[in-house]
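S.K.: Residues per chain, in single letters:
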Amino acid sequence: MSERATPEATDESSAEQADGTADAPTETTATADQTPEERAADRPVTTGAESVIRALENAGAEAAFGVQGGAIMPVYDALYHSDSIRHVTMAHEQGAAHAADAYGVVAGVPGVCLATSGPGATNLVTGIADADMDSDAMLALTGQVPSDMVGSDAFQETDTTGVTAPITKHNYFADDPDTAGDMVGEAFALSEAGRPGPTLVDLPKNATLGETDREPGPATTPKNYNPETEATAEAVDAAARAIESADKPLLLFGGGVVKGDATETARQFAVDHGIPVATTMPAIGSMPEDHDLCLSWAGMHGTGYANMAITHTDCLIAVGCRFDDRLTGGVDTFAPEAEVVHVDIDPAEISKNVHADYPLIGDAGTVLEQVDAELAHSPDATEWREQCRQWKEDYPMDYATPEDEPLKPQFVVECLDAATGDDAIVTTGVGQHQMWAGQYWTFREPRTWVSSHGLGTMGYGLPAAIGARLAADDDQEVVCIDGDGSFLMTMQELSVAVREELDITVAVLNNEYIGMVRQWQDAFFERRRMAAEYNWVPEFDKLAEAFGARGWRVDEYDQVADAIEEAVAYDGPSVIDFHVDPETNVYPMVASGGANGQFALTEDQL
Amino acid sequence: MSSDETPASGGESLDAPRQSDDAPRNGLSGPAPEERPHPTGRRNSQGIRIDPEVEAEPKTRRTVLSTLVDHEPGVLAAVSGLFRRRQFNIESLTVGPTEDDDYARMTIVIEESDPGIEQAKKQLEKLVPVIAVTELDPDAIRRELALIKVDAEHPDKVQAVAEMYDGKAVDACSETVTVEITGSRQKVETAVEAFERFEIREIVRTGTTALERGARETADSTLADD
Chain A
1 MSERATPEAT DESSAEQADG TADAPTETTA TADQTPEERA ADRPVTTGAE SVIRALENAG
61 AEAAFGVQGG AIMPVYDALY HSDSIRHVTM AHEQGAAHAA DAYGVVAGVP GVCLATSGPG
121 ATNLVTGIAD ADMDSDAMLA LTGQVPSDMV GSDAFQETDT TGVTAPITKH NYFADDPDTA
181 GDMVGEAFAL SEAGRPGPTL VDLPKNATLG ETDREPGPAT TPKNYNPETE ATAEAVDAAA
241 RAIESADKPL LLFGGGVVKG DATETARQFA VDHGIPVATT MPAIGSMPED HDLCLSWAGM
301 HGTGYANMAI THTDCLIAVG CRFDDRLTGG VDTFAPEAEV VHVDIDPAEI SKNVHADYPL
361 IGDAGTVLEQ VDAELAHSPD ATEWREQCRQ WKEDYPMDYA TPEDEPLKPQ FVVECLDAAT
421 GDDAIVTTGV GQHQMWAGQY WTFREPRTWV SSHGLGTMGY GLPAAIGARL AADDDQEVVC
481 IDGDGSFLMT MQELSVAVRE ELDITVAVLN NEYIGMVRQW QDAFFERRRM AAEYNWVPEF
541 DKLAEAFGAR GWRVDEYDQV ADAIEEAVAY DGPSVIDFHV DPETNVYPMV ASGGANGQFA
601 LTEDQL
Chain B
1 MSSDETPASG GESLDAPRQS DDAPRNGLSG PAPEERPHPT GRRNSQGIRI DPEVEAEPKT
61 RRTVLSTLVD HEPGVLAAVS GLFRRRQFNI ESLTVGPTED DDYARMTIVI EESDPGIEQA
121 KKQLEKLVPV IAVTELDPDA IRRELALIKV DAEHPDKVQA VAEMYDGKAV DACSETVTVE
181 ITGSRQKVET AVEAFERFEI REIVRTGTTA LERGARETAD STLADD
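Chains as they are written, first to last, in full-length UniProt numbering: chain A, 1 to 606; chain B, 1 to 226.
Calculated directly from the structure, the hints in this document are not laboratory data.
Be careful, since some hints might not be right.
[What the hints assert, rightly or not] Cβ pair distances, simulated, as ranges:
1. B:E111 / A:D42: 55 to 65 Å
2. A:Q156 / B:E202: 20 to 30 Å
3. B:V204 / A:E211: 42 to 52 Å
4. A:G108 / B:R86: 22 to 32 Å
5. B:G96 / A:G151: 21 to 31 Å
6. A:M530 / B:S45: 55 to 65 Å
7. B:R216 / A:G108: 25 to 35 Å
Just so it is clear, CB atoms sit at the ideal spot from N, CA and C, and this is done for glycine as well.
Isolated chain A, as found in the complex (with noise of 0.2 Å):
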């Protein structure tokens, strides 16, 4: 453990090696804003280890979230003398890979994670194909054995490139000293071009310990990656008549909009066109969910007027998404009478899951605005709206609150909403409190929904929040709802919390089962409760004081409101232990496979 971990330390952004335990000579660390020149000329790099930290410096990190350990140790030794990239040490290096994604969503950067070789990067591995899921930018770095131990079986040896080549946009074996920096400046500029992705540099003992006097380049993308960021004039020509000529048209914004920072275009075209809007879960937050053109999110338990209008669409303009099946339900019953205008940065998704009537390959904003200027007007869709905001009223997003059942976990996520600010960022595990967490939560700016989409990791959400807090802004509150599932499987990263001083709010939403199995198997396995109940969870609001955080327990609506005043309001880690109804059920649902307008307002109706 390094001496960033005396809890006394205070200042975030300072150097600790201001407090004399270290030997670290303090005329030489790196700083934030020095140029690379400047950084080469102060401390020259010796070694491949120092050459990749040098590369992370020139690539602008900030941040890396990692655990210690043999082969990593070089790497480990060069971050010593940064002060420009805060290191912190996560309790398990899956907690690292998650909290480094998080960081990269908020932050709109790629997030780094650390890890040693062998143990270390296969529990990194949950998080990599988490953030290849959710197209999030991220760079591992992980240690290796040395060159010439690989394929020997040597103590903590894993084919880790090999492993991870499924789960990575791109990853590299760079075992030679002198291009170890360039490979990780690459590996970092690669995971957020295009269409963003994590990558993954495994370094080699020797190639981190080797000595080399070489200054890595900048962070360039390889040569040959260049994705297409304007799409052709016929195409968009062709795409901006069948929206002029649409009577029901519908934008379905991905979350291609928000990695693309392309929210503020996206939603300028939906007002001035009057087009209804609604998104997937990862793009929550790209359109204010109070506004009127806004149907929230689509798909299995997405609203039932963003259902709707995809059901009945006639010209469905689809954003920087991917057609995932928790999305489209069937895909033949998916938007049946819809042509299909698909913007994409990525060829590959043109009519991967879903066909594009009008593929227009290129960067969201970008493509917007070609569509924007070649449309002569834009589509007379009065009627349409009414009914989409007819729908709105037809199927509201209600709950009731009977005294005499237990709290309800939607009352609980308005009630953190209310608490908190407009900016306040969300994070998430996986399960029926996530989905509570998207309906009812009202989001209102981009970037700050962060949870686990397309893998549904559970115990995704209390390391993202650790990630989140060190994006965000000060004054941003960071709430991590979790189910108690969830929290279970990472809860460790509460001591990386507490040692850092981190303010986040953890609102366990706690129903003693695996609430969304338990859901499924009362639909369709005839309420046979196999391994879904937990007849036992710890007490979470002791278990956090035990962890140095604070803690809280609610059982009553008319505790509610006090525990969560004085969890925002404390600063630091705290925990509220929600003992919520254990038999609520997530609505609407669209069962697996079947039509996003057949959606089941109760159970009955699956």
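Fit chain B to the known structure of chain A by using the hints.
M.R.: Relative to the frame of chain A, chain B by itself:
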């Protein structure tokens, strides 16, 4: 707390609290599925809107994708991993050096529907070490090679059959003769059948390698320098 109270205040007030006395106790209110309008349109398994009356399974066809890649370790694994994971039906894959030491050319024969072939091309192009992917014309030069080892009981007859297929004996001993056959896949297959009259001990085949005819470019290595 009674059910008509609004959620607790703090930083902001809610525009419209959604808790409601009218809401069902476990679920939401609104018209049931059978009370809603439903469109009659449908899409097929490729996500293409169809007339439900005339839906048919898409036909597959065999085609050759010539793929220029960086000549470095791990590329073959990346390409084969992609075909495995996406479950593209791969017939053969050959790889070898090109006119430029920095690049290798992979010749991949797949049998897929048209959307499947398009997906395979786009997924290949996504791999960072892949420089160019070209689907070759049907009349491209396609060759494969087979080595066929048979019993040496009737060496003259083996030689005669080999000559029928422009092949030649490349190894012989008292027990076996090994014949090399080069040509189109179909020619190699009929040759193998012809040799079945002898006792075949072992066969090895290379899979297809192919190049465009005339001045047409296969997968253009000049792309790498753009």
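S.K.: All hints, please: hold or fail.
M.R.: For each hint, the structure was consulted:
no.	hint	result
1	B:E111 / A:D42: 55 to 65 Å	holds, 60 Å
2	A:Q156 / B:E202: 20 to 30 Å	violated, 42 Å
3	B:V204 / A:E211: 42 to 52 Å	holds, 47 Å
4	A:G108 / B:R86: 22 to 32 Å	holds, 30 Å
5	B:G96 / A:G151: 21 to 31 Å	holds, 24 Å
6	A:M530 / B:S45: 55 to 65 Å	violated, 33 Å
7	B:R216 / A:G108: 25 to 35 Å	violated, 44 Å
Going through the hint list in order, the structure does not satisfy hints 2, 6 and 7.
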